[in-house]
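Make a model of the complete structure from these sequences and hints.
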Amino acid sequence: MTIRKIGWAALCLLTLPAMAQQQPNFTLKGTLTNMPHAYTKLYLLYDSTFVPKQADSAVVQDGKFQFSGYIPAAMNVSIVAQKVAQNAGISVNASERMIFMLGKGNTSLTANGSLGQFTLSGPGAKANQDYHTAIAATLLVTDSIKKITEQPDYKTNRALQTTVMYRISNLFKPMNDEMIAFVKSHPASPASPAMVYGIASSPFTTTQLTDTLLALLPAASLPTVKNAVATIYTKHAQEQAEKEAAASKTAPGTPAIDFTLNDIDGHPVSLDSYKGQYVLIDFWASWCGPCRAENPTVRKAFESFKDKGFTVLGVSLDVASQKDKWMQAVEKDGLPWKQVSDGKGWNSDVAALYGVKSIPQNFLISPDGKIIARNLRGAALEEKLATILH
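According to mature numbering (1 follows the signal peptide of the UniProt record, and there is no 0), the stretch in the sequence shown is residues -20 to -1, 1 to 370, in order.
No lab work stands behind these hints, which were simulated from the structure alone.
By construction, the Cβ of each residue, glycine as well, lies at the ideal position given by its N, Cα and C atoms.
One thing to keep in mind: the hints can contain errors.
Unchecked claim - What follows is a list of derived Cβ distance ranges for each label pair:
{"#": "1", "residue 1": "G314", "residue 2": "D191", "range": "45 to 53 Å"}
{"#": "2", "residue 1": "I368", "residue 2": "K126", "range": "37 to 45 Å"}
{"#": "3", "residue 1": "Y50", "residue 2": "G358", "range": "43 to 51 Å"}
As the list claims (entries may be wrong) - Straight-line C-alpha distance at most 25 Å; calculated BS3-like pairs for lysine-lysine:
{"#": "4", "residue 1": "K153", "residue 2": "K337"}
{"#": "5", "residue 1": "K153", "residue 2": "K206"}
{"#": "6", "residue 1": "K223", "residue 2": "K350"}
{"#": "7", "residue 1": "K106", "residue 2": "K9"}
{"#": "8", "residue 1": "K288", "residue 2": "K350"}
{"#": "9", "residue 1": "K44", "residue 2": "K9"}
{"#": "10", "residue 1": "K255", "residue 2": "K318"}
{"#": "11", "residue 1": "K280", "residue 2": "K364"}
{"#": "12", "residue 1": "K364", "residue 2": "K229"}
{"#": "13", "residue 1": "K153", "residue 2": "K126"}
{"#": "14", "residue 1": "K164", "residue 2": "K84"}
{"#": "15", "residue 1": "K364", "residue 2": "K255"}
{"#": "16", "residue 1": "K305", "residue 2": "K126"}
{"#": "17", "residue 1": "K280", "residue 2": "K255"}
{"#": "18", "residue 1": "K84", "residue 2": "K9"}
{"#": "19", "residue 1": "K286", "residue 2": "K364"}
{"#": "20", "residue 1": "K223", "residue 2": "K153"}
{"#": "21", "residue 1": "K229", "residue 2": "K337"}
{"#": "22", "residue 1": "K350", "residue 2": "K337"}
{"#": "23", "residue 1": "K324", "residue 2": "K337"}
{"#": "24", "residue 1": "K324", "residue 2": "K229"}
{"#": "25", "residue 1": "K215", "residue 2": "K229"}
{"#": "26", "residue 1": "K337", "residue 2": "K303"}
{"#": "27", "residue 1": "K312", "residue 2": "K127"}
{"#": "28", "residue 1": "K286", "residue 2": "K350"}
{"#": "29", "residue 1": "K255", "residue 2": "K286"}
{"#": "30", "residue 1": "K280", "residue 2": "K312"}
{"#": "31", "residue 1": "K337", "residue 2": "K318"}
{"#": "32", "residue 1": "K255", "residue 2": "K229"}
{"#": "33", "residue 1": "K127", "residue 2": "K305"}
{"#": "34", "residue 1": "K303", "residue 2": "K318"}
{"#": "35", "residue 1": "K215", "residue 2": "K337"}
{"#": "36", "residue 1": "K312", "residue 2": "K135"}
{"#": "37", "residue 1": "K305", "residue 2": "K324"}
{"#": "38", "residue 1": "K135", "residue 2": "K303"}
{"#": "39", "residue 1": "K21", "residue 2": "K84"}
{"#": "40", "residue 1": "K21", "residue 2": "K9"}
What follows is the structure in structure tokens.
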């Protein structure tokens, strides 16, 4: 992932689903000073697919703007200077956006120098203040990561980039633990309902823990949060069923499902063409920090065993519009094996065939086309290869 995408992914909670149309319960008044651009319009993005109204807009006049509306509880929002129609997404630099937790009531916002440099005040700012208190340790780490990315040689220094990727991938569980501790000690905080929703969304959280946290929240916030959590539970149950079905198709000993995808040069490559060799099907993407951090390990295994009948077939989940970034990642990470992709990202047909819902993920295939093992990460890959190719 790019640092921007991962960094904000690490810091942003999923937001709470909106109720039916209600009377406005928040007002956000903003002031812009010393801006690098003469902004004429800003967009307020509700950071959740569950909120029926994805975005609001406000005209900027004499450096002033205002938003008002209804939110069922405090939630993370973004204010940006541009809006892309597709999925109400954003395409801006970090300095051209604000991300914060918006609470009910009146909030004043002042940005000086850039949209990314802002302060909040007023009753509605309490949720954001509590959220920052809750994840204070995580924010210290992200600040130190940001300083690394600001080094002059960061864009060309692979060692620095790998360090950043590792540190970002290791943020999620500690951040989740921080939020759990905060909710337990401050259940009445306006930020706690949103944090419980975020906690419930985490792969590190059990339903029992979520139910315990729900029981701590004030009664007034329970209907909204319970509905949100119920949606998560349903989604998790569906994903688990799909995962189990996929696991049965890719269990060790089962025949690997053949596929054909084009390589970087547009030439078709089939899995069956690798019969007679041990091949690692490696699902990854240029934007995936943990994948990029794992690449040196895969490359080391390749170099150690390539003369003993082992190779790798990389399957990228980059979308077609990001092919240049895929190619750059292959070159920068020094990956000498074949790379293929259908350019569909998470909608990849091959990823669906193999039940891939997260990356990095891999499958080790025998010369006769059967799955030997899956998800061989770190030292486990070389250890397995040493066992079968001694």
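Outcome of the hint check:
Hint check: G314 to D191, Cβ distance near 48 Å, so the stated range 45 to 53 Å holds. Distance hint for I368 and K126: a CB-CB separation of about 44 Å, consistent with the stated range 37 to 45 Å. Y50 and G358 have their C-beta atoms about 48 Å apart, which keeps the hinted 43 to 51 Å range intact. For the proposed pair K153 and K337, the alpha carbon gap of about 19 Å is at most 25 Å, so the pair holds.
Taken as a hint, the K153 and K206 pair is honoured in the structure, with Cα atoms around 23 Å apart against an allowance of 25 Å. Using a Cα cut-off of 25 Å, the hinted pair K223 and K350 holds, with the two alpha carbons roughly 20 Å apart. Restraint check for K106 and K9: the C-alpha separation of about 15 Å stays at or below 25 Å, so the hint holds. For a cut-off of 25 Å, the pair hint linking K288 to K350 stands: about 18 Å separates their Cα positions.
Between K44 and K9, the direct Cα distance comes to roughly 8 Å. Compliance with the 25 Å bound is thereby established for this hinted pair. Distance hint between K255 and K318 is fulfilled; the C-alpha atoms sit about 15 Å from each other, no more than 25 Å. Restraint check for K280 and K364: satisfied, since their Cα atoms lie roughly 14 Å apart, inside the 25 Å limit. With a CA separation close to 21 Å, the supplied pair K364 and K229 stays within the 25 Å bound.
Between K153 and K126 the alpha-carbon distance is near 19 Å, which keeps this suggested pair within the 25 Å criterion. Among the hinted pairs, K164 with K84 is consistent with the structure: their alpha-carbon atoms are about 22 Å apart, no more than 25 Å. Between K364 and K255 the alpha-carbon distance is near 19 Å, which keeps this suggested pair within the 25 Å criterion. For the proposed pair K305 and K126, the alpha carbon gap of about 21 Å is at most 25 Å, so the pair holds.
Taking the CA atoms of K280 and K255, the gap is near 22 Å; set against the 25 Å cutoff, the hint holds. Between the alpha carbons of K84 and K9 the distance comes to roughly 13 Å, so the proposed pair stays at or under 25 Å and holds. For a cut-off of 25 Å, the pair hint linking K286 to K364 stands: about 14 Å separates their Cα positions. Under the criterion of a C-alpha separation no larger than 25 Å, the hint pairing K223 with K153 is consistent with the structure, at around 22 Å.
Taking the CA atoms of K229 and K337, the gap is about 14 Å. The hint holds against a cut of 25 Å. For the hint linking K350 to K337, the alpha-carbon distance of about 21 Å falls within 25 Å, and the restraint holds. Of the supplied pair hints, the one linking K324 and K337 holds, its CA atoms being roughly 14 Å apart against a limit of 25 Å. Distance check on the hinted pair: K324 and K229 sit about 22 Å apart at the alpha-carbon level, within 25 Å; holds.
About 21 Å separates the Cα atoms of K215 and K229, which keeps this hinted pair within 25 Å; it holds. With a C-alpha separation of about 21 Å, the suggested pair K337 and K303 falls inside the 25 Å cut-off, and the hint holds. For the hint linking K312 to K127, the alpha-carbon distance of about 22 Å falls within 25 Å, and the restraint holds. For a cut-off of 25 Å, the pair hint linking K286 to K350 stands: about 19 Å separates their Cα positions.
Simply put, K255 and K286 have alpha-carbon atoms about 15 Å apart, close enough for the 25 Å limit, and the pair holds. As the CA atoms of K280 and K312 are separated by approximately 15 Å, the hinted pair is consistent with the 25 Å bound. Annotation: proposed proximity of K337 to K318 holds, straight-line Cα distance about 22 Å (limit 25 Å). For a cut-off of 25 Å, the pair hint linking K255 to K229 stands: about 19 Å separates their Cα positions.
Proposed proximity of K127 and K305 is supported: the alpha carbons are some 23 Å apart, at most 25 Å. Taking the CA atoms of K303 and K318, the gap is about 15 Å. The hint holds against a cut of 25 Å. For the suggested pair K215 and K337, the alpha carbons sit about 13 Å apart, so the restraint of at most 25 Å is met. The suggested pairing of K312 with K135 holds, with an alpha-carbon distance near 11 Å, which does not exceed 25 Å.
Between K305 and K324 the alpha-carbon distance is near 14 Å, which keeps this suggested pair within the 25 Å criterion. Restraint check: the Cα-Cα separation between K135 and K303 comes to about 18 Å, which is no more than 25 Å; the hinted pair holds. Restraint check for K21 and K84: satisfied, since their Cα atoms lie roughly 23 Å apart, inside the 25 Å limit. Of the supplied pair hints, the one linking K21 and K9 holds, its CA atoms being roughly 14 Å apart against a limit of 25 Å.
The structure agrees with every numbered hint stated previously.
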